[in-house]
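Chains A and B supply the protein sequences, listed in that same order.
In this text, residue positions in the first sequence follow numbering that gives the first Met the number 0: the first is 0, and each later residue adds one.
In this text, residue positions in the second sequence follow numbering that gives the first Met the number 0: the first is 0, and each later residue adds one.
It is worth saying that the hints were derived from the structure and are not from the lab.
Bear in mind that the values here come from a model prediction, so they are computed numbers and not experimental data.
It cannot be assumed that every hint is accurate.
What the hints assert, rightly or not - If you only want the chain B side, here are some residues facing chain A, beta carbon under 7 angstroms, derived: (1) F43; (2) G44; (3) P83; (4) G85; (5) M86; (6) I90; (7) G234; (8) G237; (9) N290; (10) P292.
Said to hold, decoys possible - Sample of chain B residues facing chain A (criterion: CB under 10 angstroms; computed from the structure): (11) N22; (12) F51; (13) P77; (14) T79; (15) V80; (16) A84; (17) N94; (18) P226; (19) A239; (20) S286; (21) D293.
Ideal Cβ placement from N, Cα and C applies to all residues, glycine included.
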Amino acid sequence: MIDTTVVSVKRVGNFHFLIDLDAKVNLNPIPGQFFMLKINDLNDPFFMRPFSVFDADKNILRFLIEIKGNGTKTLSRSTAGDILKVRGPLGNGFQFDNVKKALLYAGGTGIAPMFYLAKNLKKNGVEIDVILGFRNKDRVIYEDSFAELGEVFVYTDDGSYREKGNVADFVLKKEYDGVFACGPVPMLKAIQRRHKNAQISLESVFACGAGACMGCVVKSVSGYARVCKDGPVFSAKDVII
Amino acid sequence: MGLLSFIFIANFFCFFIWCAMSNLRIKLDKKFLENPFIAPSGVFGLGYDVSFDYEIKKLGAFTMKTATTKKRDGNVPPRTVETPAGMLNSIGLQNPGIDEYLKLFPTIKKFFSKCPLIFSISGETVDDFEYLAKRVTEIESDLIALELNLSCPNLRSGGVTFSSSVKDSIEVCKKVRKVWGKSLIAKLSPLSDFKEMGISLESEGVNIFCAINTLPGMRFDIYKRKPSLGNFHGGLSGPALLPVSLKCVWDLRKVTKLPIIGVGGVYSAESAIEMFMAGANYVGIGSAYYNNPDLLDEVIGGVKKFLIENDLKGIDEIVSLAHKDA
Ligand SMILES: Cc1cc2nc3c(=O)[nH]c(=O)nc-3n(C[C@H](O)[C@H](O)[C@H](O)COP(=O)(O)OP(=O)(O)OC[C@H]3O[C@@H](n4cnc5c(N)ncnc54)[C@H](O)[C@@H]3O)c2cc1C
Ligand SMILES: Cc1cc2nc3c(=O)[nH]c(=O)nc-3n(C[C@H](O)[C@H](O)[C@H](O)COP(=O)(O)O)c2cc1C
Ligand code: FES
Chain A
0 MIDTTVVSVK RVGNFHFLID LDAKVNLNPI PGQFFMLKIN DLNDPFFMRP
50 FSVFDADKNI LRFLIEIKGN GTKTLSRSTA GDILKVRGPL GNGFQFDNVK
100 KALLYAGGTG IAPMFYLAKN LKKNGVEIDV ILGFRNKDRV IYEDSFAELG
150 EVFVYTDDGS YREKGNVADF VLKKEYDGVF ACGPVPMLKA IQRRHKNAQI
200 SLESVFACGA GACMGCVVKS VSGYARVCKD GPVFSAKDVI I
Chain B
0 MGLLSFIFIA NFFCFFIWCA MSNLRIKLDK KFLENPFIAP SGVFGLGYDV
50 SFDYEIKKLG AFTMKTATTK KRDGNVPPRT VETPAGMLNS IGLQNPGIDE
100 YLKLFPTIKK FFSKCPLIFS ISGETVDDFE YLAKRVTEIE SDLIALELNL
150 SCPNLRSGGV TFSSSVKDSI EVCKKVRKVW GKSLIAKLSP LSDFKEMGIS
200 LESEGVNIFC AINTLPGMRF DIYKRKPSLG NFHGGLSGPA LLPVSLKCVW
250 DLRKVTKLPI IGVGGVYSAE SAIEMFMAGA NYVGIGSAYY NNPDLLDEVI
300 GGVKKFLIEN DLKGIDEIVS LAHKDA
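Chain A with its partners taken away, still in its complex shape (with noise of 0.2 angstroms):
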């Protein structure tokens, strides 16, 4: 495990926080790839919890958290300063070395693999379209940061903000040689219909997050395989989701 020190800890609107882990060394995470962080000594909650890196610049880690229960609450609360042990980068992240076009799908927290994604693509000279979708207005976050780095496309539930529907709504006018999306599960099943080479970052509870428990399976074409070890990016054509 590694003990990294909080650097900051930010709101990020209604939802979410951003925290800033300085883990010492650069560990050169590869986007899509995760990290499983210890919430306390106690025991209570048992697993550690599964992030995917927002962002990574030298020592410093990010993470785009959204709190959900009693795990991301614990965490919110840390302050700059506290150890918060850490065990990654784990998984197998995007594979985008040869992308020109890239199209990028995020759905809610989905965004947070999407943004250090779209950060390196750019680093590569990809151009980028970015679709991000969002329950409603009060829910949108990062649409000027993306905007940065490629061409932007809002879509809430609701319609309350921008365009009314949802990512796979996005009508498609280019040719992409990389497609890339995370969000829930309904986005997912609706992306791998349109784009059979997507490459799609998925989502299960994990235990050991390492592999070994056989725990986080999802069904794929060949059985069911480890999210956590064999994913969490996976190609869409190869999972049952």
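With the hints as your guide, set chain B with the ligands onto chain A.
Just chain B with the ligands now, kept in the frame of chain A:
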């Protein structure tokens, strides 16, 4: 004179270091384990294809995920759910089956290099156990022991688990003992009759007991209005299980002199010491590792410190210590 005293001091120093290093070494069968901490079956899979780095190789021995006669896909997800200070799992013995296991074995062996391996098997009939044990003899020289996971239903006894039936367990041990020469471990469930099991299986040639497997349990998702696990029920492990496993080891120790691997909920040096004092000779470090991947170092360091601070020479001195006046 100067040289002599240097040699004397150097020797003394080396002896001191040796004592500090070796006080956790313990015999299993004819081999010395570096320490008495053993990976229980399943918690770490097959060890080699996981992201736990090198730590698990520091264990005294590693028990492989239970193998069955044929490939098993395992249960429908979700397969794990948290409980207060623990977890339920319903993995459903997902494994590639004995043929594939034996093909994978050279890779597993290479990965673990010096860490001794225990092979775990489970069947749906007595014949399954016998068949599996025979197959495992193909790699017997590379193993330290064979473990019988008796916590599975016997199809011939209406689905009652082997470990709930002394008669069925005796039959399994009798048949396996005929084909397996090295140490034989019987892994019991918390629902076993420890008194009967302890006495009967010892006379069937079992050399070591492993206690315990997980305890059956359920949780419910109140928003989905159904059981949290795809398989509805699962097995409890982690610190929440500790008091149960301590009592099982205690009860078992009352009826057998055979070595016991105490497993269930160990989450700290102190809880490992409790397990030794309850009667365990070896201690399983299982799911608590998920919560704390530094656990092994903490337990090894903490137990060594306890021995030194209490003027104890080795683990043997704390095994069953709590039984002395009880
Ligand atoms: C690979 C991966 C990457 C993720 N990246 C992010 C991210 O960047 N930002 C973010 O906000 N969230 C992310 N998540 C989800 C995040 O891990 C969960 O929201 C978090 O664990 C909930 O913890 P909690 O104690 O607050 O909530 P709980 O009260 O425990 O549960 C709330 C919800 O979270 C889910 N959950 C609980 N425990 C786990 C677990 N161990 N693993 C996965 N899901 C769990 C439950 O199914 C439930 O729906 C990711 C999940 C995975 C698998
Ligand atoms: C994910 C998981 C998988 C397991 N698989 C097996 C198995 O294949 N065979 C077996 O005998 N026990 C299995 N067990 C039970 C453990 O070996 C152990 O007996 C139990 O978890 C209690 O120990 P713990 O609380 O330290 O984890 C499994 C436990 C877990 C958590
Ligand atoms: S969480 Fe254990 S295998 Fe994925």
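Structure-based check of each hint:
{"no.": "1", "hint": "F43", "in the structure": "holds (5 angstroms)"}
{"no.": "2", "hint": "G44", "in the structure": "holds (4 angstroms)"}
{"no.": "3", "hint": "P83", "in the structure": "holds (6 angstroms)"}
{"no.": "4", "hint": "G85", "in the structure": "holds (6 angstroms)"}
{"no.": "5", "hint": "M86", "in the structure": "holds (6 angstroms)"}
{"no.": "6", "hint": "I90", "in the structure": "holds (5 angstroms)"}
{"no.": "7", "hint": "G234", "in the structure": "violated (12 angstroms)"}
{"no.": "8", "hint": "G237", "in the structure": "holds (6 angstroms)"}
{"no.": "9", "hint": "N290", "in the structure": "holds (5 angstroms)"}
{"no.": "10", "hint": "P292", "in the structure": "holds (5 angstroms)"}
{"no.": "11", "hint": "N22", "in the structure": "violated (26 angstroms)"}
{"no.": "12", "hint": "F51", "in the structure": "holds (5 angstroms)"}
{"no.": "13", "hint": "P77", "in the structure": "holds (6 angstroms)"}
{"no.": "14", "hint": "T79", "in the structure": "holds (4 angstroms)"}
{"no.": "15", "hint": "V80", "in the structure": "holds (7 angstroms)"}
{"no.": "16", "hint": "A84", "in the structure": "holds (4 angstroms)"}
{"no.": "17", "hint": "N94", "in the structure": "holds (9 angstroms)"}
{"no.": "18", "hint": "P226", "in the structure": "violated (14 angstroms)"}
{"no.": "19", "hint": "A239", "in the structure": "holds (8 angstroms)"}
{"no.": "20", "hint": "S286", "in the structure": "holds (7 angstroms)"}
{"no.": "21", "hint": "D293", "in the structure": "holds (5 angstroms)"}
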